[in-house]
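With the hints as constraints, model all of the structure from the sequences given.
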Amino acid sequence: MDEKKGLVRELGLPECVTITAGAVIGVGLFTVGSSQVGAMGSSVIIASVIAFLMVLWPAAIYGELGATLPLSGGTYSFAKRAINWPVAIFCSWHYTIAQIGIAGGEALAFASYFTYLLNALGAGFVIDSRILGSALMILFTIINYRGIKFSGRWQNGFMFFFWAASFVWMIMVMKNLDFSNFAPIFSGIPTEFTALAKCIVMVWWCFAGFETCVGMGAEVKFPQITLPRALTLSPFIVFAVNALFQFFLVGLTPLAGQHLLETADAPFVEGMTQAGIVGFPFILLCLGITFGGDFSSMVPCTAGAARYMYIMAVDGCFPKVFAKVHPKFRSPYVSVIVVGVVGILLISTGSIVIISAMCAFSQMLCYIIGYLSYLLLYKKEPDLHRPWHAPAGKFGAVVSIILYAALSILAIDWTAIWWNIGLSVICILYILIFVRNRPIPEEAIDEELLALKTKDPSPEEKAKLDAQYKRWRIIAYIFFAVAVVLFIFGSTLS
Numbered sequence: 001m002d003e004k005k006g007l008v009r010e011l012g013l014p015e016c017v018t019i020t021a022g023a024v025i026g027v028g029l030f031t032v033g034s035s036q037v038g039a040m041g042s043s044v045i046i047a048s049v050i051a052f053l054m055v056l057w058p059a060a061i062y063g064e065l066g067a068t069l070p071l072s073g074g075t076y077s078f079a080k081r082a083i084n085w086p087v088a089i090f091c092s093w094h095y096t097i098a099q100i101g102i103a104g105g106e107a108l109a110f111a112s113y114f115t116y117l118l119n120a121l122g123a124g125f126v127i128d129s130r131i132l133g134s135a136l137m138i139l140f141t142i143i144n145y146r147g148i149k150f151s152g153r154w155q156n157g158f159m160f161f162f163w164a165a166s167f168v169w170m171i172m173v174m175k176n177l178d179f180s181n182f183a184p185i186f187s188g189i190p191t192e193f194t195a196l197a198k199c200i201v202m203v204w205w206c207f208a209g210f211e212t213c214v215g216m217g218a219e220v221k222f223p224q225i226t227l228p229r230a231l232t233l234s235p236f237i238v239f240a241v242n243a244l245f246q247f248f249l250v251g252l253t254p255l256a257g258q259h260l261l262e263t264a265d266a267p268f269v270e271g272m273t274q275a276g277i278v279g280f281p282f283i284l285l286c287l288g289i290t291f292g293g294d295f296s297s298m299v300p301c302t303a304g305a306a307r308y309m310y311i312m313a314v315d316g317c318f319p320k321v322f323a324k325v326h327p328k329f330r331s332p333y334v335s336v337i338v339v340g341v342v343g344i345l346l347i348s349t350g351s352i353v354i355i356s357a358m359c360a361f362s363q364m365l366c367y368i369i370g371y372l373s374y375l376l377l378y379k380k381e382p383d384l385h386r387p388w389h390a391p392a393g394k395f396g397a398v399v400s401i402i403l404y405a406a407l408s409i410l411a412i413d414w415t416a417i418w419w420n421i422g423l424s425v426i427c428i429l430y431i432l433i434f435v436r437n438r439p440i441p442e443e444a445i446d447e448e449l450l451a452l453k454t455k456d457p458s459p460e461e462k463a464k465l466d467a468q469y470k471r472w473r474i475i476a477y478i479f480f481a482v483a484v485v486l487f488i489f490g491s492t493l494s
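Position 435 of the sequence shown, counted from 1, bears residue number 435 in the UniProt record's numbering, the numbering being contiguous throughout.
Heads up, some of the hints might be wrong.
[Said to hold, decoys possible] In silico PhoX-like links for lysine-lysine, alpha-carbon gap of 25 Å or less:
1) K324 x K453
2) K453 x K328
3) K379 x K394
4) K221 x K453
[To be verified] So the derived label-pair ranges between C-beta atoms look like this:
5) K379 x D456: 25 to 33 Å
6) R436 x L118: 47 to 55 Å
7) I478 x W418: 43 to 51 Å
8) M174 x L255: 14 to 22 Å
9) M170 x L118: 58 to 66 Å
10) I50 x K379: 25 to 33 Å
11) V278 x I478: 26 to 34 Å
12) V278 x E461: 48 to 56 Å
13) K149 x D128: 30 to 38 Å
14) I50 x K470: 28 to 36 Å
15) I402 x I189: 20 to 28 Å
16) M172 x K149: 33 to 41 Å
17) I433 x M174: 42 to 50 Å
Treat the hints as calculated values from the structure; they're not laboratory data.
Note that the structure is predicted; figures quoted are calculated from it, not measured.
We put the beta carbon where it would ideally sit given N, CA and C, even for glycine.
The structure is reproduced here in structure tokens:
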């Protein structure tokens with residue numbers, strides 16, 4: 001294995017945090033996630049807290065797995081080592097399609113909000129959402145084609161633009177908040193348990209993808225330190241962003257019209273329209289969502305899916321052409337291009353709802369396999385060097401398996417589950433016909449061993465990493481606390 005021909009470690013803590021946060025702040029928050037305000041009103045914060053708790057332990061578990069096995073492919077690589085190769089391939093197919101689906105959903109969400117932006121600017125024409133979405137998919141295929149360092153810089157830019165635009169927008173519309181729009185915090189919880197489960201899953205989808213940077217483990221600098229820190233910070237950041245936007249959506253949308261948010265293509269546009277907010281605040285929100293929130297989700301979703309395809313090709317269970325690495329940009333460029341093509345095909349359906357339901361189930365399935373891999377890895381390789389340990393990780397993995405399995409069953413969307421079943425059947429047939437009797441190539445084993453040889457930071461580098469982590473941690477915890485206090489305050493005044 002030639003080290004100069006493989007992937008390179010370029011991602012630090014800021015990139016890992018923005019990749020993880022960006023992967024989940026976008027289509028979930030501004031479409032299916034925020035539409036749950038229409039179903040639950042102020043009680044949406046309960047669903048958000050449950051969703052946050054559902055990812056807090058799993059994020060720590062994935063932080064430990066990423067620190068222990070900093071490889072491309074994330075759950076695929078963990079399952080391959082802990083369970084078996086066929087299960088890993090099955091998981092990888094579902095995860096890859098889910099990530100591409102999320103990217104497609106982001107592109108469609110971008111098209112929806114971009115159309116509203118054009119209308120606000122007085123443009124006298126409408127562009128088909130599938131054309132806009134496909135154009136965006138092509139753009140991010142090009143960005144990821146140029147390598148992880150290049151895309152990481154763009155990711156930081158998109159994410160910080162989103163945070164800045166969001167902060168300014170919140171300041172501008174604060175005067176329009178009406179606390180009579182809030183109801184007692186438990187009043188909007190659906191009486192049917194399955195209905196509540198579906199609401200929780202749709203809000204949870206705003207957090208799904210919390211482990212995205214782990215799938216790029218072979219490209220993270222000092223992964224034994226960086227990945228656990230990024231994974232334990234990100235749930236707090238994602239919750240803060242979700243809860244703050246939910247707070248403003250509830251506070252701006254008249255109570256009598258909140259139910260309309262449940263079926264709105266762009267809930268925030270619907271809420272601001274009902275509140276009579278026009279002009280620059282409206283334009284700024286659309287700019288922040290389209291060029292910040294949606295863009296920041298496109299980079300990790302396309303990059304993450306490409307890494308799964310790349311590592312499967314290295315292992316010989318995908319055509320070898322998918323393992324090609326660009327000689328200049330050091331990206332798995334063939335896999336990146338294929339992700340773009342598949343994304344455009346999903347965009348052609350024009351349905352965010354079907355895509356989100358299908359992706360949510362596939363992601364739940366992959367996470368369950370990930371938690372099972374965590375447990376079996378302890379049994380199979382108890383002496384494996386683990387640089388960082390998740391608090392009560394084994395117990396947390398068992399709880400997470402039970403919780404995710406139960407929620408997956410309760411929240412099944414029958415309009416989308418047949419797509420998941422079809423994908424599963426195709427994957428199983430592929431394994432039986434093409435992979436069953438094929439050994440993993442020696443070159444793939446060499447590449448994995450090389451990726452596991454991580455160096456420790458120097459004392460100076462470690463001091464910088466610690467200071468950087470401290471800053472991120474303080475900011476994350478402050479915004480988390482502010483979001484919780486605001487919702488409690490709003491419900492108290494209702």
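Hint by hint, here is what the structure shows:
1. This hinted pair checks out: K324 and K453 have alpha carbons roughly 22 Å apart, not beyond 25 Å.
2. For the proposed pair K453 and K328, the alpha carbon gap of about 23 Å is at most 25 Å, so the pair holds.
3. Taking the CA atoms of K379 and K394, the gap is about 11 Å. The hint holds against a cut of 25 Å.
4. This hinted pair checks out: K221 and K453 have alpha carbons roughly 12 Å apart, not beyond 25 Å.
5. For the pair K379 and D456, the beta carbons lie near 28 Å from each other, so the given range of 25 to 33 Å is met.
6. Distance hint for R436 and L118: a CB-CB separation of about 52 Å, consistent with the stated range 47 to 55 Å.
7. Checked against the given bound of 43 to 51 Å, the beta carbons of I478 and W418, roughly 45 Å apart, stay inside it.
8. Judged by the Cβ atoms, the range 14 to 22 Å given for M174 and L255 holds: they are separated by roughly 19 Å.
9. Separation of M170 from L118 is about 24 Å and departs from the stated range, judged on CB atoms against 58 to 66 Å.
10. Look at I50 against K379: about 30 Å separates their beta carbons, and that is inside 25 to 33 Å.
11. Take V278 and I478: their Cβ atoms lie about 32 Å apart, and the range 26 to 34 Å holds.
12. Remark: the range hint 48 to 56 Å for V278 to E461 is upheld by a beta-carbon distance near 50 Å.
13. For K149 paired with D128, a C-beta distance near 34 Å keeps the hint of 30 to 38 Å intact.
14. For I50 paired with K470, a C-beta distance near 29 Å keeps the hint of 28 to 36 Å intact.
15. Separation of I402 from I189 is about 22 Å and conforms to the stated range, judged on CB atoms against 20 to 28 Å.
16. The supplied range of 33 to 41 Å is met by M172 and K149, whose beta-carbon atoms lie about 35 Å from each other.
17. For the hinted restraint 42 to 50 Å between I433 and M174, the CB-CB distance of approximately 60 Å leaves it violated.
Violated hints, in rising order: 9, 17; the structure is consistent with all others.
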